[in-house]
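Asks: Could you put together the complete structure from these sequences and hints?
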Amino acid sequence: MSLSKVVASAADAVADIPSGASLAVGGFGLVGIPWFLIEALLEQGADDLTIVSNNCGVDGAGLGLLLKQGRISRVIASYVGENKEFARQYLSGELTVELTPQGTLAERLRAGGAGIGAFFTPTGVGTMVAEGGLPWRHHPDGTVALASPPKEVRTFHSREMVLEEAIVTDFALVRAAIADRAGNCIFNASARNFNPPAAMAGRLTIVEAERVVDVGELRPDDVHLQGVFVQRVVELTAEQAAHKDIEKRTTRERVN
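Sequence positions in the sequence shown follow the numbering used here and run 1 to 256.
Worth flagging that the hints you see were computed from the coordinates, not collected in a lab. Worth double-checking, as some hints may not be accurate.
What the hints assert, rightly or not - Taking lysine-lysine and the BS3-like style, the derived pairs with C-alpha atoms no more than 25 Å apart in a straight line are:
#1 Lys-84 x Lys-248
#2 Lys-68 x Lys-244
#3 Lys-68 x Lys-248
#4 Lys-68 x Lys-84
#5 Lys-84 x Lys-244
Replies: Listed below in structure tokens is the structure:
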């Protein structure tokens with residue numbers, strides 16, 4: 001019996017993602033994002049998407065491509081970042097945005113993958129995160145059309161904590177440095193931040209891998225994400241694997 005989860009192309013991997021689907025997407029800014037799965041989804045045409053990601057790409061790159069074409073209707077994220085179109089759509093009432101503390105977002109994704117329905121955390125107690133009222137969507141005139149509801153707060157070990165629900169999405173798109181044919185994955189450096197929990201949260205998880213190896217080549221202790229969480233693997237070409245843009249470059253003149 002073959003253990004291979006490798007599919008022919010990124011286009012084949014995302015072909016069955018329907019309009020209205022929810023997707024957890026790995027990466028942070030432009031670090032460790034699934035560039036080619038996002039581009040394939042752009043070509044595929046699905047819209048009315050709910051995206052769960054640390055942010056929503058940048059103008060003209062990553063998830064920002066889907067955003068620019070109006071293909072995303074809701075985002076659960078930690079920050080708007082360098083994406084001016086994201087901010088414009090949110091403030092003009094075109095986009096629903098559920099801003100979530102960064103660590104809480106990571107844990108909501110991980111909890112969803114672990115089968116945990118919700119958890120209590122001290123993060124956000126005493127703020128609008130717990131008390132409600134965060135603007136999720138605006139009217140075109142800038143007034144609030146939809147605000148976050150209040151959340152349950154309880155005391156554990158003399159400390160107040162707020163209840164946060166886990167996140168489970170229809171699909172997940174992630175990028176790995178190395179994957180074997182069974183879907184076991186290794187992530188490089190900071191690309192390990194949101195990729196593993198995003199992958200865990202998806203009911204159907206698709207990985208684009210810079211390198212694919214045979215089953216048995218990865219040491220079990222080196223694996224960051226187990227293949228049980230992965231359903232499809234796309235092997236990138238050497239040229240695609242080398243494609244790693246950054247958001248902003250700051251340099252200074254070298255002083256000898």
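Asks: It remains to establish, for every hint, whether it holds in the given structure.
Replies: We went through each hint and held it up to the structure:
1. Of the pairs offered as hints, the one joining Lys-84 and Lys-248 holds, with about 14 Å between alpha carbons and a cut-off of 25 Å not exceeded.
2. A C-alpha spacing of about 21 Å is found between Lys-68 and Lys-244, which places the hinted pair at or below 25 Å, so the restraint holds.
3. Distance hint between Lys-68 and Lys-248 is fulfilled; the C-alpha atoms sit about 20 Å from each other, no more than 25 Å.
4. Using a Cα cut-off of 25 Å, the hinted pair Lys-68 and Lys-84 holds, with the two alpha carbons roughly 10 Å apart.
5. Taken as a hint, the Lys-84 and Lys-244 pair is honoured in the structure, with Cα atoms around 21 Å apart against an allowance of 25 Å.
In this structure, every one of the numbered hints holds.
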